Amino acid sequence: MTELLTVSDLAVSFGEVRAVRGVSFGVAEATTLAIVGESGSGKSLSSLAVLGLLPAQAQVTAGSIHWDGRDLRACGADELRQLRGTDIAMIFQDPLSALNPSLTVGYQIGEMFRRRRGLGRDEARRRAIEAMTEVGIPDAARRAGSYPHEFSGGMRQRVMIAMALALDPRLLIADEPTTALDVTVQAQILRLLRKRQRDGLAMIIISHDLGVVARTAQSVVVMYAGRAVESGPVADLYTVPAHPYTLGLMAASPSARDAGRRPQPIDGYPPDGAALPTGCAFHPRCPFARQRCRTEDPELRTVAPGRTSACHFAEEVLSRGGAVGHPRA
Amino acid sequence: MAAQSDTPVLELVDLVAGYRSRQGPLGRSRAVRAVAGVNLAVRAGETVCLVGESGCGKSTVARAVVSLLRPIAGEVRFDGRDVTALDRAGRRDLRRQVQLVFQDPYASLNPKMTVHDLLSEAWRIHPGIVPRGDWDAEVAALLERVGLNPGHATRYPHQFSGGQRQRISIARALAVRPRLIVCDEPVSALDVSIQAQILNLLARLQRELGVAYLFITHDLGVVRHFADRVAVMHLGTIVESGQTEQVYERPAHPYTQALLSAAPSVDDWRAQEGEEIVLRGDVPSPLDPPSGCRFHTRCWKARDLCRAEEPALVRRDTDHPVACHFATDAHVVAADGH
Numbered sequence: 001m002t003e004l005l006t007v008s009d010l011a012v013s014f015g016e017v018r019a020v021r022g023v024s025f026g027v028a029e030a031t032t033l034a035i036v037g038e039s040g041s042g043k044s045l046s047s048l049a050v051l052g053l054l055p056a057q058a059q060v061t062a063g064s065i066h067w068d069g070r071d072l073r074a075c076g077a078d079e080l081r082q083l084r085g086t087d088i089a090m091i092f093q094d095p096l097s098a099l100n101p102s103l104t105v106g107y108q109i110g111e112m113f114r115r116r117r118g119l120g121r122d123e124a125r126r127r128a129i130e131a132m133t134e135v136g137i138p139d140a141a142r143r144a145g146s147y148p149h150e151f152s153g154g155m156r157q158r159v160m161i162a163m164a165l166a167l168d169p170r171l172l173i174a175d176e177p178t179t180a181l182d183v184t185v186q187a188q189i190l191r192l193l194r195k196r197q198r199d200g201l202a203m204i205i206i207s208h209d210l211g212v213v214a215r216t217a218q219s220v221v222v223m224y225a226g227r228a229v230e231s232g233p234v235a236d237l238y239t240v241p242a243h244p245y246t247l248g249l250m251a252a253s254p255s256a257r258d259a260g261r262r263p264q265p266i267d268g269y270p271p272d273g274a275a276l277p278t279g280c281a282f283h284p285r286c287p288f289a290r291q292r293c294r295t296e297d298p299e300l301r302t303v304a305p306g307r308t309s310a311c312h313f314a315e316e317v318l319s320r321g322g323a324v325g326h327p328r329a
Numbered sequence: 001m002a003a004q005s006d007t008p009v010l011e012l013v014d015l016v017a018g019y020r021s022r023q024g025p026l027g028r029s030r031a032v033r034a035v036a037g038v039n040l041a042v043r044a045g046e047t048v049c050l051v052g053e054s055g056c057g058k059s060t061v062a063r064a065v066v067s068l069l070r071p072i073a074g075e076v077r078f079d080g081r082d083v084t085a086l087d088r089a090g091r092r093d094l095r096r097q098v099q100l101v102f103q104d105p106y107a108s109l110n111p112k113m114t115v116h117d118l119l120s121e122a123w124r125i126h127p128g129i130v131p132r133g134d135w136d137a138e139v140a141a142l143l144e145r146v147g148l149n150p151g152h153a154t155r156y157p158h159q160f161s162g163g164q165r166q167r168i169s170i171a172r173a174l175a176v177r178p179r180l181i182v183c184d185e186p187v188s189a190l191d192v193s194i195q196a197q198i199l200n201l202l203a204r205l206q207r208e209l210g211v212a213y214l215f216i217t218h219d220l221g222v223v224r225h226f227a228d229r230v231a232v233m234h235l236g237t238i239v240e241s242g243q244t245e246q247v248y249e250r251p252a253h254p255y256t257q258a259l260l261s262a263a264p265s266v267d268d269w270r271a272q273e274g275e276e277i278v279l280r281g282d283v284p285s286p287l288d289p290p291s292g293c294r295f296h297t298r299c300w301k302a303r304d305l306c307r308a309e310e311p312a313l314v315r316r317d318t319d320h321p322v323a324c325h326f327a328t329d330a331h332v333v334a335a336d337g338h
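From first to last, the protein sequence lines stand for chains A and F.
In this text, residue positions in the first sequence follow UniProt numbering: the first is 1, and each later residue adds one.
In this text, residue positions in the second sequence follow UniProt numbering: the first is 1, and each later residue adds one.
Calculated from the structure, these hints are not laboratory results.
Please read all numbers here as calculations on a predicted model, not as lab measurements.
No residue lacks a Cβ here, since even glycine has one placed at the ideal position from N, Cα and C.
Please note that a few of the clues may not be correct.
[Stated by the list, open to error] Sample of chain A residues at the chain F side, in silico, Cβ under 8 Å:
hint: 1; residue: T184
hint: 2; residue: R194
hint: 3; residue: A235
hint: 4; residue: A256
[Claimed, not checked] In silico SDA-like cross-links for lysine to any residue, where the CA-CA straight-line distance does not exceed 25 Å:
hint: 5; chain 1: A; residue 1: K195; chain 2: F; residue 2: R298
hint: 6; chain 1: A; residue 1: K195; chain 2: F; residue 2: R280
hint: 7; chain 1: A; residue 1: K195; chain 2: F; residue 2: G281
hint: 8; chain 1: F; residue 1: K301; chain 2: F; residue 2: H320
hint: 9; chain 1: F; residue 1: K112; chain 2: F; residue 2: G90
hint: 10; chain 1: A; residue 1: K195; chain 2: F; residue 2: I277
hint: 11; chain 1: F; residue 1: K112; chain 2: F; residue 2: R91
hint: 12; chain 1: A; residue 1: K195; chain 2: F; residue 2: G274
hint: 13; chain 1: A; residue 1: K195; chain 2: F; residue 2: R316
[Said to hold, decoys possible] Output of the computed footprint for chain A on chain F, the stretches with three or more beta carbons under 8 Å from beta carbons of chain A:
hint: 14; segment: 194 to 201
hint: 15; segment: 216 to 229
hint: 16; segment: 240 to 253
hint: 17; segment: 281 to 291
Bound-form chain A, shown alone:
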């Protein structure tokens, strides 16, 4: 499968902090890639870099970003702006901060069609209502005249999705799209996203929640302290993780439906990006850590077909067996 987006060895610095330290990922049509990590892992910065939307203090310091054969790092601001919204769209965790509170929702979605497609007012409005209906907003013709604060959290996120998908982008980047939502509403939004992916949309989901990732993605990149520590197909990675951090994250994730699995914590705390441990950044929290881990930062290497791990002892982690569904001692 040819990749639409290919990111190689991306590095982003945030002031003095090396927030992303060499991350590679790619996504093809009609597939979903998940970037998983906890706060401060660099997962959001990686995707913002793709769109050229990094905050002012942050900049890409190394690596390449290719979109459909084009080198995005060589593109100017105008070219990137053209790409955003038409070819690549993005949605965020908090839809309220991404919508203008003083304009109706219908007007804001219609703006996409007026600005980018040059449609007239009435036609833009008609298309906006269509887009709202498409994402399951009931009574869209009437709701188009409402303001963002008149919508519930779930409906607002639908509005954001309608806006993001209005111009039929080929890639949607969704940063924690359901984190602010109730579980029953989250289930609705994830189902909607899965449907669009089956219809051909490429997606990158950024999430801290392995359960949400399990419901949406085909492949996963796990990030820790600015690095990709593991990547691979969902089924492989979830069955038998190849990095101790993934293993720990699996064991820490609560499950409402599995009586046998009590969440196990990972000892210690995530490191401060400005004062990373020597060697492997995960070693102070790692049950597999040995002397070598304290001095030598492991390369991300292929450990099985389609799978990478940045652990000196990945084979040992793999042979240890799955964290999930394993009877506890």
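Got chain A; can you put chain F on it based on the hints?
Frame of chain A, contents of chain F only:
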């Protein structure tokens, strides 16, 4: 599980509570009964979880329990006594016996106070718990108890990570030796790898000190291994309650079934499309709850009776109480999840 006495530490009896809400700048304010008749008991040394989605009234329950809100009707009883009937000294004692741990450890700790001051503040307000000369030693003991370095008592909250700050919040709650801690989403703001640390800490403190928890959360996964009993709340009422395993293994209310089905789990990569129950539409507004059963607008089992009559929370050929007229009807699998 610690020994449980007969009189509950906390008892909610037909509790009705809420707040006034104004619609628009000139609108008339009206009473929102966010909690519309709740019965719940928490015994000494026990953990009871109140689970529900936003707007279900779970935080209003918490506010009523810690006397930040006066009930509209019904009673909040502590040790068998109605808390609204307490005299000044009784109220003061209640504020010591019942402590609150909040979701956001960034907002709930005064950034200008050292850890030592945060923990000893309550001893100033409630003299007689710890003599002044013992404050330093007691602060060190508390920090050690919650897994923090006792040498860090002179540091400020910003010098700690989120998980460490939540440990400070817990130490502060413990400082006055309470019998009940109301935990309002205490791990929701924390990274997954840290959540289990805090839950394990709370469980250990309960074993060591016998403190009871009323644990309020939206996350069904979190409470499964933590709660002794669970009450599921929806739009101001409890729709199902029981021992944790009863509710999780044999959920009888359609709303509980939907919640359990919708909660994402790491095993879900095996799931087939359409396998989970996806409810239609939004949670109705608590300003204007539906007639009869408040869940009927989103329920795939709903019939005329549900629109007319509110079901009581009682056993219905189930091993635990459930507020659904058709709880024991053959499990209707909704077409396409609806």
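Hint check:
With 8 Å as the threshold, the beta carbon of A/T184 comes within range of chain F, its nearest partner Cβ sitting at about 5 Å, so the hint holds. Satisfaction of the interface hint for A/R194 is found here, the shortest Cβ-Cβ separation to chain F being roughly 7 Å, below the 8 Å cut-off. This hint holds: A/A235 has a C-beta 6 Å from the nearest C-beta of chain F, less than the 8 Å allowed. Against a cut-off of 8 Å between C-beta atoms, the interface hint on A/A256 holds, since the closest Cβ of chain F lies about 4 Å away.
With a C-alpha separation of about 22 Å, the suggested pair A/K195 and F/R298 falls inside the 25 Å cut-off, and the hint holds. Taken as a hint, the A/K195 and F/R280 pair is honoured in the structure, with Cα atoms around 16 Å apart against an allowance of 25 Å. A threshold of 25 Å between alpha carbons decides the hint, and for A/K195 with F/G281 the separation of about 18 Å falls inside it, so the pair holds. With a CA separation close to 20 Å, the supplied pair F/K301 and F/H320 stays within the 25 Å bound.
A distance of roughly 31 Å separates the Cα atoms of F/K112 and F/G90; the hinted pair therefore is violated under the 25 Å criterion. Of the supplied pair hints, the one linking A/K195 and F/I277 holds, its CA atoms being roughly 16 Å apart against a limit of 25 Å. At most 25 Å may separate the alpha-carbon atoms for a hinted pair to count; F/K112 and F/R91 exceed this at roughly 28 Å. With a CA separation close to 11 Å, the supplied pair A/K195 and F/G274 stays within the 25 Å bound.
The straight-line distance between the Cα atoms of A/K195 and F/R316 is roughly 39 Å, outside the 25 Å bound, and the hint therefore fails. For a cut-off of 8 Å, the count of residues in the segment 194 to 201 of chain F with a CB near a CB of chain A stands at 6, and the three-residue condition holds. Proximity of the segment 216 to 229 of chain F to chain A, defined as three or more residues with a beta carbon under 8 Å from a beta carbon of that chain, is established by the 7 residues found. With 3 residues carrying a beta carbon less than 8 Å from a beta carbon of chain A, the segment 240 to 253 of chain F meets the three-residue requirement, and the given coverage holds.
Counting residues of the segment 281 to 291 of chain F whose C-beta lies closer than 8 Å to any C-beta of chain A gives 3; at least three are required, and the coverage claim holds.
Of the numbered hints stated above, those contradicted by the structure are hints 9, 11, 13, listed in ascending order.
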